[in-house]
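Asker: Here is how the chains run, residue by residue.
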Amino acid sequence: MGSGTSIGRVRGLGSAKEGAHHWWRQRVTAGSNLFLMLWFVISMARQPAFDYASVRMWLSSAWVAVPMILLVASVFWHFRLGLQVVIEDYEHDERRVAALLALNFFTVGTAAVAIFAILKVAFGAAA
Amino acid sequence: MASRTPARPKSPHLFAGFMKLHYAWGPHMLVSILHRATGTVMATVGTVMLVWWLGALAAGADAYATFLDAFTTSAGHLNVVGWIVGVGLSWAFFTHMLNGIRHLVMDAGAAFELKRNKMFSLAVLVGGVLLTVLFWLYQGIK
Numbered sequence: 001m002g003s004g005t006s007i008g009r010v011r012g013l014g015s016a017k018e019g020a021h022h023w024w025r026q027r028v029t030a031g032s033n034l035f036l037m038l039w040f041v042i043s044m045a046r047q048p049a050f051d052y053a054s055v056r057m058w059l060s061s062a063w064v065a066v067p068m069i070l071l072v073a074s075v076f077w078h079f080r081l082g083l084q085v086v087i088e089d090y091e092h093d094e095r096r097v098a099a100l101l102a103l104n105f106f107t108v109g110t111a112a113v114a115i116f117a118i119l120k121v122a123f124g125a126a127a
Numbered sequence: 001m002a003s004r005t006p007a008r009p010k011s012p013h014l015f016a017g018f019m020k021l022h023y024a025w026g027p028h029m030l031v032s033i034l035h036r037a038t039g040t041v042m043a044t045v046g047t048v049m050l051v052w053w054l055g056a057l058a059a060g061a062d063a064y065a066t067f068l069d070a071f072t073t074s075a076g077h078l079n080v081v082g083w084i085v086g087v088g089l090s091w092a093f094f095t096h097m098l099n100g101i102r103h104l105v106m107d108a109g110a111a112f113e114l115k116r117n118k119m120f121s122l123a124v125l126v127g128g129v130l131l132t133v134l135f136w137l138y139q140g141i142k
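Protein sequences appear in the order of chains A and B. Following our numbering from start to finish, the first sequence increments by one per residue and tops out at 127. Following our numbering from start to finish, the second sequence increments by one per residue and tops out at 142.
One or more hints might be untrue.
[Unchecked claim] Short derived list, chain A residues pointing at chain B, Cβ under 8 Å:
no.	residue
1	Trp39
2	Ala45
3	Pro67
4	Leu81
5	Ala117
6	Lys120
7	Gly124
Hint data in this document are derived by calculation from the structure and do not stem from the laboratory. Every residue, glycine too, gets a C-beta built ideally from N, C-alpha and C.
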């Protein structure tokens, strides 16, 4: 790495080999979101009641808990990629780095809480 | 010389002079910015709602009652906050979903023709509202 112009430093190095990675992951998670979120929205629409006992019983089924965990993984990954682009468009320099770090902490933190909560209910732990 | 200079292309900037737009807003522009807006709202407000709901379910009846109290009246119906968040997030989801499908179609290289593109953009806007209305009507009549 010389100290020349930025174009001079990268010329001849080839591509970074991951140019389409973000774009492709966004599309893959969009596809899985479509199925998982439609299942979730239809489940919500058909929910007979939203009281504590009914919803807890609904979530404790493996047929609900497993898709819910997949939904959290897919949707949170998707919004992590989407918000990254929003941040990259509107924030610059140090603020951008800080915002991207905060985004990672927010995504992983909320996903951990959501998945732990689903597992706790599904495994029948006392509240 | 200056008088013979033909009109130059206008700047594409939103505002030149006093609040002047150099182009007319079309449905394709609206769905484009709505995609980002609805996505951002769902990623923030929607995520907090989902995590609060799941966390309250896992934490117990008292925590779940606190969650329900924030969005429902004592009679069990949605309160003002519940309606705004519920209708807002459901509309955001349906609009974002339909425009996402439109984006997947455009990723395949289709629907870039001006008329068809405008038609699909309008379909996203109308379909998002329509699905939201159907969702809440179903909630009401079931």
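Asker: Decide, hint by hint, whether the structure agrees.
Answerer: Quick rundown of the hints versus the structure:
At its closest, the beta carbon of Trp39 of chain A sits 12 Å from a beta carbon of chain B; the interface hint therefore is violated under the 8 Å criterion. Interface hint at Ala45 of chain A: satisfied, since its Cβ lies 5 Å from the closest Cβ of chain B, which is below the 8 Å cut-off. Contact between Pro67 of chain A and chain B, as hinted, is not supported at the beta carbon level, the nearest pair being about 13 Å apart and thus beyond 8 Å. Evaluation of the Leu81 of chain A hint against chain B yields a violated restraint, the C-beta minimum of about 10 Å exceeding 8 Å.
Hint status for Ala117 of chain A relative to chain B: holds, with the closest Cβ pair at about 4 Å, below 8 Å. With 8 Å as the threshold, the beta carbon of Lys120 of chain A comes within range of chain B, its nearest partner Cβ sitting at about 4 Å, so the hint holds. For Gly124 of chain A, the suggested interface contact is broken, since its CB lies about 11 Å from the closest CB of chain B, more than 8 Å.
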